[in-house]
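Chemist: Read off the chains here:
Number of protein chains: 2
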Amino acid sequence: MIKKNADILIKNGLIITMDADGRIIEGGLIAISGAKIAGVDSKETLSSWKAEEEIDAKGCIVMPGLVNTHTHLPMSLFRGLADDLPLMTWLNDYIFPAEGKYLSPETVKAGTCLSCAEMLLGGITTVCDGYFYEDHVAEAVLASGLRAVLAQGVIDYPAPGAPDPQKNIHVAMGYADKWKERSSLISPSIFCHSPYTCSTETLKKAKQAACERNLLFQIHAAETNFEWETIQKEHGKTPIQYLDSLELLDEHTLLVHAVHVDGNDISTIAKRKSAVSHNPESNMKLASGISPTSDLLAEGIRVGLGTDSSASNNDLDLFSEMGSAAKLHKIHQMDPTAMKAEDVVKMATIGGSNAIGLGSITGSLETGKQADIIIIDTRKPHLTPMYHPLSHLVYTVKSSDVRDVMVAGKLLVRRRHLLSLDMNAVMDDVMIVRNTIVGKDQK
Amino acid sequence: MIKKNADILIKNGLIITMDADGRIIEGGLIAISGAKIAGVDSKETLSSWKAEEEIDAKGCIVMPGLVNTHTHLPMSLFRGLADDLPLMTWLNDYIFPAEGKYLSPETVKAGTCLSCAEMLLGGITTVCDGYFYEDHVAEAVLASGLRAVLAQGVIDYPAPGAPDPQKNIHVAMGYADKWKERSSLISPSIFCHSPYTCSTETLKKAKQAACERNLLFQIHAAETNFEWETIQKEHGKTPIQYLDSLELLDEHTLLVHAVHVDGNDISTIAKRKSAVSHNPESNMKLASGISPTSDLLAEGIRVGLGTDSSASNNDLDLFSEMGSAAKLHKIHQMDPTAMKAEDVVKMATIGGSNAIGLGSITGSLETGKQADIIIIDTRKPHLTPMYHPLSHLVYTVKSSDVRDVMVAGKLLVRRRHLLSLDMNAVMDDVMIVRNTIVGKDQK
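Chains as they are written, first to last, in the working numbering: chain A, 1 to 443; chain B, 1 to 443.
There could be a bad hint or two in this list.
Here are a few chain B residues that sit away from chain A, every Cβ distance over 12 Å (derived from the structure) [as the list claims (entries may be wrong)]:
hint: 1; residue: K3
hint: 2; residue: L46
hint: 3; residue: E52
hint: 4; residue: G80
hint: 5; residue: P86
hint: 6; residue: L185
hint: 7; residue: K204
hint: 8; residue: G263
hint: 9; residue: T337
Simulated DEER-style distance windows between Cβ atoms [to be verified]:
hint: 10; chain 1: B; residue 1: D295; chain 2: A; residue 2: Q333; range: 18 to 26 Å
hint: 11; chain 1: B; residue 1: K233; chain 2: A; residue 2: G22; range: 50 to 58 Å
hint: 12; chain 1: B; residue 1: A298; chain 2: A; residue 2: E54; range: 26 to 34 Å
hint: 13; chain 1: A; residue 1: P97; chain 2: B; residue 2: K43; range: 30 to 38 Å
hint: 14; chain 1: A; residue 1: G22; chain 2: B; residue 2: T89; range: 16 to 24 Å
Rather than coming from a laboratory, the hints here were simulated on the basis of the structure.
Predicted model only: the values in this text are computed from it and were never measured.
Glycine residues also receive a C-beta, built at the ideal position from the N, C-alpha and C atoms.
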């Protein structure tokens, strides 16, 4: 028998494909050639493959890497700086001043490296980000090996690295044009902060610039009551209807949060084929409200999960986010059958990649797709016994159970050792920023 | 200078004492003599102690072991057996039949060992349990080295190991008398299942038997709407008022859940000095409702955190439970300042030990108390940087970050290796039960 060649074979695992049929293959095989998946096969066809390198996944779950559809990577610098505070106190007295004082190309890079280390060790292989100094965010993400959609932030105030609001879109497009062809792993994007911090003119110009370049347009939308009331007062519309009236909603728009949306808003989002990033833990911790995620999904809207930044949440952990999503919607609807495990895993994988426009290349284990794969070691007391793997992923598996992580066929975490970044150097760099913030020169 | 002698010194850690003053000591020292804490000192007095054994906690948080105030240990056998189902379907079609078919002294012991392994590795040093075959639960817990309050369950139906409901209290007292003086680590208790599964007579007799022996009396109370309506219909009272009318509420009573309680119920619980076990993740996942925990605490009621069993929740992880508690009450009250990190850590430590009657011996790091101590390694990307340690414990630390665990001065986990149980044997034993349940003889 002539054997098919591959570079790497992942063998003996319980493969959760997250493909359209929801195939789960016990003791199966994944063959990887270059950056791509060359085959996803059952135990029976194992012997028809050969490769130089084999990874034994016995006793492990093998699944698509998780997709984090919303965060602000450098903000891990401010993880836990200020908790349990009213939103506006948190923003105005802590976060905005800290951003003004401590952000620079160097600190942004340090914070981003830290975030990438945390995400990779927690099984996230694709991230969608928006922040300032995004050129430096992108350099750090590139070094980490993660796949990413990275957006320069746009806001009508002086911002870190973009002191003149008149030039905010110009800065964003300069970044986007620079990164357009730079790496197959990084897609530039643009992120308008919100309907209440960007003028009508800025919103329209930013969307137009995004359309011209075929970029994902991101915006925090309908996050808080404050925002809803502000937009209602200024424009006589809900945030979603206001954005729609500016022709901002289409299939290349990602609405982040979508908490305060009514039935009419949901219909509009569905009609325009826009996508939503759902960030349950951030919405809980900041008491923003609860997004009607079940209704969004029922309307066929693409919904992905997001962690939001470590400054608000206070980590970048999509396993924890999955558990919170399932439990939050059950208690909110007073229905234990709401938001089933399968729906939640979907949001964290293929649903997320669909939402950020990468559905055709990542988010599921299928022949021809990019080899973005994680291996979870289930031989641990808290993961024993296992009856239903999807339920396990949502209710029991922790990010620390992720053993190996691969992006585009390249192993970035092996046996919980991060291969792409020097983890100690990354933590040391961030501690220097932290010590400056708390006014100490030494730890 | 004459040095003070101790058996073990834990040095250089960030010590979170959870004492009445909330002392946090940077680079401090804990001296342990025998089972007890001989001193909790600052860096300056370090040199006044000597000991044979020293544990370096540099870069670590040192804190009281966590107190899990509610679980059913053997039910880890059924972890994730049935999720996303209506409560009564889950109970009647899955859990009760599985209990009837697969519980025996041997399987109960296997499940308990698994639960103890998970809890110890996750920083839990004290557990409060209620189940059947509790004699065998106690044997397993004793082997694990955990501190525990362990109750034989009482229900007015044929139960595993107690087939004749007429003798349920007799069985429970036989167990309690056997374990009364058996080990300083194990306190027997009695657990009436609920106001709707135990008759008025059973409830009164069980409480009387508990009083005569000075045992903690536990009961699931005011958990679901179903229970509330049933008791209202049968007795014309809320569950709490019904239990109070039977004189069941006093300072030796632990009310588990207390979800459906009104202001009058809260006043009654406070007046009777009863305690509450709060299980937010179980209440969320089963869509039982949200306990008014802030109100209970405001009335001075002793409240501890509980994980509930792995069959409902699906793990025994108090770090995750802390995060869920903080976030759930913030979103429920739409107030990000509700349920602050400090309040949550208190519920998971000294609040919990107070609730189950062990407040004078465990739950805080103070001279003279039992040496129930955990050490958390904070040198990890997701725990970098740290600004506020209590906030870190609630929003960022994971159970897998626990490095060392000590109960009564004895090290049970060292560098994440479980010393008291053979972890692989424990998992193998449970897999045999699991394979029987799913109808396979082999994995």
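Chemist: Decide, hint by hint, whether the structure agrees.
Modeler: Evaluated hints:
1. K3: holds, 28 Å
2. L46: Since the minimum Cβ distance to chain A is about 18 Å, L46 of chain B lies beyond 12 Å and the statement holds.
3. E52: holds, 30 Å
4. G80: violated, 5 Å
5. P86: violated, 6 Å
6. L185: holds, 20 Å
7. K204: Given that every Cβ of chain A is farther than 12 Å from that of K204 of chain B, nearest at about 33 Å, it holds.
8. G263: holds, 21 Å
9. T337: violated, 6 Å
10. B:D295 - A:Q333: 18 to 26 Å: holds, 23 Å
11. B:K233 - A:G22: 50 to 58 Å: violated, 43 Å
12. B:A298 - A:E54: 26 to 34 Å: Cβ of A298 of chain B to Cβ of E54 of chain A: about 60 Å, so the range 26 to 34 Å is violated.
13. A:P97 - B:K43: 30 to 38 Å: holds, 32 Å
14. A:G22 - B:T89: 16 to 24 Å: holds, 22 Å
Comparing the model with each numbered hint stated earlier shows that hints 4, 5, 9, 11 and 12 do not hold.
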